[in-house]
Amino acid sequence: MEALVASAVGLLTAAGIYLVLRLRTFPVIIGTSLLTYAVNIFLFGSGRLLPDAPAVLRDGVDVYTDPLPQALVLTAIVISFGMTAVVVIIALGSWLSNDDDRVDAPALQQENETVDPRA
Amino acid sequence: MTHWIVLPVVLPAMLAAVLVLVTRYHPVLQRTFSMAGTLGLLALALGLFWRASDGTIDIYQLGHWPAPFGIVLVADRLSTLMVLITATLAPLVLLYAIGSGWDKRGWHFHALFQFQLMGIMGAFLTGDLFNLFVFFEVLLIASYGLMIHAGGAARLRAGVQYVLYNLLGSTLFLFALGTIYAQTGTLNMADLALRVSVLSADDTGGIRVAAVLLLLVFAIKAALLPLHFWLPASYAEAPAPVAALFSIMTKVGAYGIIRVYTLIFPPTLETTQGLMGTWLLPAAVLTLAMGMIGVLGAARLDRLVAFSVIGSMGMLLSAVGVFTPDGISAALYYAVHSTFAAAALFLLVDVLRDRRGDVGAHLRDAGVITGGPLIAGLFFVAAIVMTGLPPLSGFVGKLLVMQSAWGHGLHWWVWGAVLGGSLIAVVGFARAGSQIFWRSHQVMVAEVPDGDTLPPVEAEESNPDLPAPTPPRTPVVAIGGVIAVIVGLTIFAGPVTATMQATADQLFTPAPYIDVVLNTEGKQIPSADYADTPDVDLEEEGY
Numbered sequence: 113m114e115a116l117v118a119s120a121v122g123l124l125t126a127a128g129i130y131l132v133l134r135l136r137t138f139p140v141i142i143g144t145s146l147l148t149y150a151v152n153i154f155l156f157g158s159g160r161l162l163p164d165a166p167a168v169l170r171d172g173v174d175v176y177t178d179p180l181p182q183a184l185v186l187t188a189i190v191i192s193f194g195m196t197a198v199v200v201i202i203a204l205g206s207w208l209s210n211d212d213d214r215v216d217a218p219a220l221q222q223e224n225e226t227v228d229p230r231a
Numbered sequence: 026m027t028h029w030i031v032l033p034v035v036l037p038a039m040l041a042a043v044l045v046l047v048t049r050y051h052p053v054l055q056r057t058f059s060m061a062g063t064l065g066l067l068a069l070a071l072g073l074f075w076r077a078s079d080g081t082i083d084i085y086q087l088g089h090w091p092a093p094f095g096i097v098l099v100a101d102r103l104s105t106l107m108v109l110i111t112a113t114l115a116p117l118v119l120l121y122a123i124g125s126g127w128d129k130r131g132w133h134f135h136a137l138f139q140f141q142l143m144g145i146m147g148a149f150l151t152g153d154l155f156n157l158f159v160f161f162e163v164l165l166i167a168s169y170g171l172m173i174h175a176g177g178a179a180r181l182r183a184g185v186q187y188v189l190y191n192l193l194g195s196t197l198f199l200f201a202l203g204t205i206y207a208q209t210g211t212l213n214m215a216d217l218a219l220r221v222s223v224l225s226a227d228d229t230g231g232i233r234v235a236a237v238l239l240l241l242v243f244a245i246k247a248a249l250l251p252l253h254f255w256l257p258a259s260y261a262e263a264p265a266p267v268a269a270l271f272s273i274m275t276k277v278g279a280y281g282i283i284r285v286y287t288l289i290f291p292p293t294l295e296t297t298q299g300l301m302g303t304w305l306l307p308a309a310v311l312t313l314a315m316g317m318i319g320v321l322g323a324a325r326l327d328r329l330v331a332f333s334v335i336g337s338m339g340m341l342l343s344a345v346g347v348f349t350p351d352g353i354s355a356a357l358y359y360a361v362h363s364t365f366a367a368a369a370l371f372l373l374v375d376v377l378r379d380r381r382g383d384v385g386a387h388l389r390d391a392g393v394i395t396g397g398p399l400i401a402g403l404f405f406v407a408a409i410v411m412t413g414l415p416p417l418s419g420f421v422g423k424l425l426v427m428q429s430a431w432g433h434g435l436h437w438w439v440w441g442a443v444l445g446g447s448l449i450a451v452v453g454f455a456r457a458g459s460q461i462f463w464r465s466h467q468v469m470v471a472e473v474p475d476g477d478t479l480p481p482v483e484a485e486e487s488n489p490d491l492p493a494p495t496p497p498r499t500p501v502v503a504i505g506g507v508i509a510v511i512v513g514l515t516i517f518a519g520p521v522t523a524t525m526q527a528t529a530d531q532l533f534t535p536a537p538y539i540d541v542v543l544n545t546e547g548k549q550i551p552s553a554d555y556a557d558t559p560d561v562d563l564e565e566e567g568y
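As you go down the protein sequences, you meet chains V and A in turn.
If you want our numbering, it's the position in the first sequence, counting the first as 1, plus 112.
If you want our numbering, it's the position in the second sequence, counting the first as 1, plus 25.
Think of the hints as simulated: they come from the structure by calculation, not from any bench.
Don't be surprised by glycine CBs; every beta carbon is placed ideally from N, CA and C.
Pairwise CB distance ranges, derived in the manner of DEER restraints:
1) V:Ala167 with A:Arg233: 27 to 33 Å
2) V:Leu208 with A:Val502: 35 to 41 Å
3) V:Ala183 with A:Thr296: 26 to 32 Å
4) A:Leu46 with V:Ala115: 46 to 52 Å
5) A:Pro416 with V:Thr196: 47 to 53 Å
6) A:Thr27 with V:Leu135: 48 to 54 Å
7) A:Phe94 with V:Ala115: 31 to 37 Å
8) V:Leu208 with A:Pro497: 31 to 37 Å
9) V:Gln182 with A:Trp75: 38 to 44 Å
10) V:Ala167 with A:Val223: 26 to 32 Å
11) V:Pro163 with A:Asn544: 34 to 40 Å
12) V:Gln182 with A:Pro415: 56 to 62 Å
One chain only, chain V, in its complex shape:
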């Protein structure tokens, strides 16, 4: 199971980084989502992988899994979910007002523009 979880984290991270390095917002956002999945599984594993063990105190149970990483993962999932929603909205706004969805700024062109930078 360790090998499976570890390779899942590795594959998700590798795919996420590849997509983050693309130039369009869509693959970049998918990439950040994959990275957050990877980090969630990684956090889950940081409390050691222990199958068939409850996290909450019960009668007649001697072996428990660490409950803290599960709470951490829950927080991380909520935060990354919210952040993904924010970045999708901002990227949409940027696409609609710029007429293209490149992530990198065409720096030289921008410097030479005469329009008000506040506009």
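Fit chain A to the given chain V structure using the hints.
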């Protein structure tokens, strides 16, 4: 245990909710509430600073759970100092935002501003690494909203880059936290300090990785050289009051480095030897050089100021990288100074951008600026402060940084970068200043801006046929306030450096901090409760 510590977090959080839900359609009420709340925050920060000023370390146990199990907020000298800087900056920036009408150019400026303050205060006060992550996210998500406040194509594009960069930084932070937890089983900073120091020598692989990852995370926030790319575009495109407030955000990164690498991975720790001297210091020196070269090369005034922020972060982190009590004390003085210097410059850039019509922040010929002499004087003072010329606080800070670097193996590099960088920055600022204020007379004033798509707010309400109205005074008053703080920092440099020295000394003797956090009694649960309640509760709840 005092409840005052949690108030700097709770007050903006509650106020922001009121601002969104109750005063949504009442700009005047929003402004009043927001300003009153920020002034209240300043009073709280002063109180906390005063409490910590005799070396007391206060803690607040959330829910009264004792330390490694519950989350604690800790108010020591460093935390209260950073809280005080933020709380001093906030009302001035808010005054500018109100005076210039920036807060009316989009929705929810005041609510986001308060949420941002909540995140910053929490990040400075927390004593738990995961809680630090959560407060980072709070301040980031508020900053995303503030960054794209009032919209616009260029700003949204810069906003996307800023958000994505910080999203990756957050992911890295989580990886670091997971690694730390896997190795030590705790995320409380004081508890970590104890556990890391007793790790056996052949079992330090994970914690070394985590130490480097954490340094990278804080380096992203602090805009250290290879990770600084997000800063120039974000700060230049952000609305001016937001950019001025963001000048405290880079210090959150510096705070993280100072806190974590004095408490959890102190310089005496064998495991993380060389992280500061071998990696942070050279990177900081390069950051300093690159920032100042950027000042010289910038084609727009807002970018110029953004690069000077990178340069000043390089200066600050050079002092941190020396990692002696003297170095930290110099870094703290420089942190206060550069926060206010950057804020003053960002606000001035906005005033200039408004008054130069079409040309905006581009360093090209433009008409004469209304209120020129006063604005020029303020710009002159702010530029002197930022480049570190005598007599103002930049000079004092630079001397402290250079003094603290003396005796370190790389001190010639630090001295060279500080002095050479300052010279380049002086040339860069002098070029920008003469372009804006002196060459303005060479073109005709009659060139009325015709493509100005977003006129200043005060112009919207007046008759467009009339000549340009007198610009409002409040923004200039706010900038004057920031400059006054800087002047105060220079005049009282003696007492201030003494405070910084005491702060650094407290950081380098972490034992009292650890003792207060771990040995404060929390909630006592009678053991009978353990025996009785679980079966009943679990069955009733349907488990």
